[in-house]
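Asks: If you want the building blocks of each chain, they are given just below.
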Amino acid sequence: MASPLWTQIRKKEKSHDELIKEAIKNVNIFRNLSDKEISEVKNAVYNRTYKKGDYIFKQDHPGNGMYIILTGTVQIIQEKFIGEEKTEEILATLHSGDFLGELSLLDEAPRSASALCTELTETMGFFRGDLLDMVNRKPVLGSKIILNIARVLGERLRITNQMLSELQEKEKEKNNEHE
Amino acid sequence: MSMSENQRFIIRLILFIVLTAGFILILPKLQTIITLIVISILMFTLLDPFVDKLESFNIPRAVSTLLMILIILLLIALGVSRIVPLVENAAQQISQSFSSDNTFSNKIESGIDYLNSKLPLNAITTDLPEKINELLNTLRQKLPGVLMGFGRGLINALSGFFFVLFITFFFLKDERAIKKGIIRLVPNKHFEMSLNIMDKIQRQLSAYLQGLSLAATSVGVTSIIGLFIVNTFFDAGINYIVLIGIWAGFANLIPYIGPTAGAIPAILSVLMSQPPNTMLIVVLVIGVFVFVQFLDNTFVSPYLVGKSVELHPLIVFIVLIIGGNLMGLLGMMFAVPVAGIIKVAFHEIVTNAPKYRS
Numbered sequence: 246m247a248s249p250l251w252t253q254i255r256k257k258e259k260s261h262d263e264l265i266k267e268a269i270k271n272v273n274i275f276r277n278l279s280d281k282e283i284s285e286v287k288n289a290v291y292n293r294t295y296k297k298g299d300y301i302f303k304q305d306h307p308g309n310g311m312y313i314i315l316t317g318t319v320q321i322i323q324e325k326f327i328g329e330e331k332t333e334e335i336l337a338t339l340h341s342g343d344f345l346g347e348l349s350l351l352d353e354a355p356r357s358a359s360a361l362c363t364e365l366t367e368t369m370g371f372f373r374g375d376l377l378d379m380v381n382r383k384p385v386l387g388s389k390i391i392l393n394i395a396r397v398l399g400e401r402l403r404i405t406n407q408m409l410s411e412l413q414e415k416e417k418e419k420n421n422e423h424e
Numbered sequence: 009m010s011m012s013e014n015q016r017f018i019i020r021l022i023l024f025i026v027l028t029a030g031f032i033l034i035l036p037k038l039q040t041i042i043t044l045i046v047i048s049i050l051m052f053t054l055l056d057p058f059v060d061k062l063e064s065f066n067i068p069r070a071v072s073t074l075l076m077i078l079i080i081l082l083l084i085a086l087g088v089s090r091i092v093p094l095v096e097n098a099a100q101q102i103s104q105s106f107s108s109d110n111t112f113s114n115k116i117e118s119g120i121d122y123l124n125s126k127l128p129l130n131a132i133t134t135d136l137p138e139k140i141n142e143l144l145n146t147l148r149q150k151l152p153g154v155l156m157g158f159g160r161g162l163i164n165a166l167s168g169f170f171f172v173l174f175i176t177f178f179f180l181k182d183e184r185a186i187k188k189g190i191i192r193l194v195p196n197k198h199f200e201m202s203l204n205i206m207d208k209i210q211r212q213l214s215a216y217l218q219g220l221s222l223a224a225t226s227v228g229v230t231s232i233i234g235l236f237i238v239n240t241f242f243d244a245g246i247n248y249i250v251l252i253g254i255w256a257g258f259a260n261l262i263p264y265i266g267p268t269a270g271a272i273p274a275i276l277s278v279l280m281s282q283p284p285n286t287m288l289i290v291v292l293v294i295g296v297f298v299f300v301q302f303l304d305n306t307f308v309s310p311y312l313v314g315k316s317v318e319l320h321p322l323i324v325f326i327v328l329i330i331g332g333n334l335m336g337l338l339g340m341m342f343a344v345p346v347a348g349i350i351k352v353a354f355h356e357i358v359t360n361a362p363k364y365r366s
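For the record, the sequence lines run as chains A and B. In terms of this note's numbering, the numbers along the first sequence are unbroken and rise by one, the last being 424. In terms of this note's numbering, the numbers along the second sequence are unbroken and rise by one, the last being 366.
I should point out that these hints are in silico values taken from the structure, not numbers from a laboratory. Heads up, some of the hints might be wrong.
[To be verified] Taking lysine to any residue and the SDA-like style, the derived pairs with C-alpha atoms no more than 20 angstroms apart in a straight line are:
{"hint": "1", "chain 1": "B", "residue 1": "Lys-61", "chain 2": "A", "residue 2": "Glu-285"}
{"hint": "2", "chain 1": "B", "residue 1": "Lys-187", "chain 2": "A", "residue 2": "Ala-337"}
{"hint": "3", "chain 1": "B", "residue 1": "Lys-197", "chain 2": "A", "residue 2": "Asn-381"}
{"hint": "4", "chain 1": "B", "residue 1": "Lys-61", "chain 2": "A", "residue 2": "Arg-293"}
{"hint": "5", "chain 1": "B", "residue 1": "Lys-208", "chain 2": "B", "residue 2": "Val-229"}
{"hint": "6", "chain 1": "A", "residue 1": "Lys-297", "chain 2": "B", "residue 2": "Lys-61"}
{"hint": "7", "chain 1": "A", "residue 1": "Lys-303", "chain 2": "B", "residue 2": "Pro-195"}
{"hint": "8", "chain 1": "B", "residue 1": "Lys-188", "chain 2": "A", "residue 2": "Asn-381"}
{"hint": "9", "chain 1": "A", "residue 1": "Lys-389", "chain 2": "B", "residue 2": "Lys-208"}
{"hint": "10", "chain 1": "B", "residue 1": "Lys-61", "chain 2": "A", "residue 2": "Asn-381"}
{"hint": "11", "chain 1": "A", "residue 1": "Lys-287", "chain 2": "B", "residue 2": "Thr-359"}
{"hint": "12", "chain 1": "B", "residue 1": "Lys-181", "chain 2": "A", "residue 2": "Asn-381"}
{"hint": "13", "chain 1": "B", "residue 1": "Lys-181", "chain 2": "B", "residue 2": "Ala-70"}
{"hint": "14", "chain 1": "A", "residue 1": "Lys-303", "chain 2": "B", "residue 2": "Tyr-311"}
{"hint": "15", "chain 1": "A", "residue 1": "Lys-270", "chain 2": "A", "residue 2": "Glu-364"}
{"hint": "16", "chain 1": "A", "residue 1": "Lys-297", "chain 2": "A", "residue 2": "Lys-270"}
[To be verified] Here are a few chain B residues that sit away from chain A, every Cβ distance over 12 angstroms (derived from the structure):
{"hint": "17", "residue": "Pro-36"}
{"hint": "18", "residue": "Ile-45"}
{"hint": "19", "residue": "Leu-62"}
{"hint": "20", "residue": "Ile-80"}
{"hint": "21", "residue": "Ile-249"}
{"hint": "22", "residue": "Met-287"}
{"hint": "23", "residue": "Asn-360"}
As the structure is a prediction and not an experimental result, all values here were calculated from the model. Think of the CB as a built atom: it goes at the ideal place given N, C-alpha and C, for glycine as much as any other residue.
Could you build all of it, start to finish, from the sequences and the hints given here?
Replies: Next up, the structure:
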């Protein structure tokens, strides 16, 4: 019979495993993946722990992949220069289960903002090199993930188009009012 | 600089000097193991895409790796079973002519006489046959020792070969775990940069080594085809064409010296078999190797090996000397690929690291 301590450790490991799998399932680019495929993604991700005040990534650094927050809080901060003065704007505050930087899986474009941990934060990173590796090693799984990224991009493009047309409408109305 | 920073700097400097000195002291003792690990890394980088391909057919990673290692063993066994009888035959033929009234040196001598009679000047030195005889006599005296050394070398090579296969197997099977293990040591601050650079280096190296092996194979195959054509149409009597082709392919890994070293066995074979028109055949054989080099340098290597890994001739010269000093002929063969790997790694670090500066 296994000792209670060992059972406890195994239980803890299992629950951590489940937490990771659950977090992966909740990310939009890993939608519609089977349990086996989720396990495959789990094997490809890197677990990192950041202290309060650590940056996960910094603005303008080359994008290399995405992060899923397992525990903790992350602020997305954008630095701007107004004249010679540097200002910082908090764009979002992300918590456990949220994810960031998924479009960096496609190219090395510089990060548009920095990700700062405001408390002890545990993350899971999934990177472009591993996605390309997955396309070679598990083509079906790789294609599913790339298709999901394309869907996310499509959704965002539609929202951007909608916002743009709304803005144009407003602009037209404003012009008409002036006339 | 404050006092504590000064102290920290001195401690770091002492630590660096002690570690470097220790490393330099231990290095000669670790030379063999380091060489075997470097060869395993080269093998891993070369074979990884093939294992990935096998895995893409839904074969588990461990089974794909085992299959790849078995394929390699099978290919080597097949090659050895084909090549050993050829080497044996060649050795027998040489030793026969070697023991029976110096036929070997006589043949070379008459071949050289023939070439000299056709050339306007005594282009090839006339005391060459005596020198060959002297060399053969020395060889005859040293043969038992050489054979014992060869036996010992063979055992070492075999154990080294299995060590390399063993390490390569684990590199291939546990690639991801090893990469994760290495990256775990990197602090968060440099994590993304290190991962990015590691990925890029691995991809570039894989392409470079595959290109090199394809280029060597192409040189081997085209040499065999060329020599076969010369043999068929000019009744040249060149023996062991396949063996010469394989040698030419391997020799091609050594820049500058390789192409010449590849052609020498073929020319010797012509001189030994003394076909009619020896001069013409020798010229044709040289022509075949020049044409093979032209094909390789113009059409094959630039596309397969890539310009980014091109090394300056001076660097090539230096690394060849270092490789030759460390491991002889094998060292010269591995010198350029290893230098290429270092260049790719250095290039990726220099290009990518500044992008991560704040």
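Asks: Each hint: holds or not?
Replies: Checked hints:
The straight-line distance between the Cα atoms of Lys-61 (chain B) and Glu-285 (chain A) is roughly 17 angstroms, inside the 20 angstroms bound, and the hint therefore holds. Among the hinted pairs, Lys-187 (chain B) with Ala-337 (chain A) is inconsistent with the structure: their alpha-carbon atoms are about 32 angstroms apart, more than 20 angstroms. At roughly 29 angstroms between alpha-carbon atoms, Lys-197 (chain B) and Asn-381 (chain A) are farther apart than 20 angstroms, so this suggested pair is violated. Taken as a hint, the Lys-61 (chain B) and Arg-293 (chain A) pair is broken in the structure, with Cα atoms around 30 angstroms apart against an allowance of 20 angstroms.
The straight-line distance between the Cα atoms of Lys-208 (chain B) and Val-229 (chain B) is roughly 31 angstroms, outside the 20 angstroms bound, and the hint therefore fails. Note on Lys-297 (chain A) and Lys-61 (chain B): the hinted pairing is violated, with a Cα-Cα distance of about 42 angstroms set against a maximum of 20 angstroms. Distance hint between Lys-303 (chain A) and Pro-195 (chain B) is fulfilled; the C-alpha atoms sit about 15 angstroms from each other, no more than 20 angstroms. At roughly 19 angstroms between alpha-carbon atoms, Lys-188 (chain B) and Asn-381 (chain A) fall within 20 angstroms of each other, so this suggested pair holds.
Under the criterion of a C-alpha separation no larger than 20 angstroms, the hint pairing Lys-389 (chain A) with Lys-208 (chain B) is inconsistent with the structure, at around 24 angstroms. For the proposed pair Lys-61 (chain B) and Asn-381 (chain A), the alpha carbon gap of about 7 angstroms is at most 20 angstroms, so the pair holds. Between Lys-287 (chain A) and Thr-359 (chain B) the alpha-carbon distance is near 31 angstroms, which puts this suggested pair outside the 20 angstroms criterion. For the suggested pair Lys-181 (chain B) and Asn-381 (chain A), the alpha carbons sit about 15 angstroms apart, so the restraint of at most 20 angstroms is met.
The straight-line distance between the Cα atoms of Lys-181 (chain B) and Ala-70 (chain B) is roughly 5 angstroms, inside the 20 angstroms bound, and the hint therefore holds. Simply put, Lys-303 (chain A) and Tyr-311 (chain B) have alpha-carbon atoms about 37 angstroms apart, too far for the 20 angstroms limit, and the pair is violated. Between the alpha carbons of Lys-270 (chain A) and Glu-364 (chain A) the distance comes to roughly 24 angstroms, so the proposed pair goes past 20 angstroms and is violated. Taken as a hint, the Lys-297 (chain A) and Lys-270 (chain A) pair is broken in the structure, with Cα atoms around 27 angstroms apart against an allowance of 20 angstroms.
Non-interface status of Pro-36 (chain B) relative to chain A is upheld: no Cβ of that chain comes within 12 angstroms, the nearest being about 37 angstroms off. At roughly 23 angstroms, the least C-beta separation between Ile-45 (chain B) and chain A is larger than 12 angstroms, which holds for a residue marked as non-interface. Once the 12 angstroms rule is applied to beta carbons, Leu-62 (chain B) is inconsistent with being away from chain A; the minimum gap is 9 angstroms. Against chain A, the non-interface label of Ile-80 (chain B) holds: every CB pair exceeds 12 angstroms, the least being about 20 angstroms.
No beta-carbon of chain A comes within 12 angstroms of the beta-carbon of Ile-249 (chain B); the shortest separation is about 38 angstroms. Chain A leaves Met-287 (chain B) outside its interface by the beta-carbon criterion, the shortest separation being 54 angstroms against a cut-off of 12 angstroms. Not every CB of chain A is more than 12 angstroms from the CB of Asn-360 (chain B) (nearest about 7 angstroms), against its label as outside the interface.
Of the numbered hints stated above, those contradicted by the structure are hints 2, 3, 4, 5, 6, 9, 11, 14, 15, 16, 19, 23, listed in ascending order.
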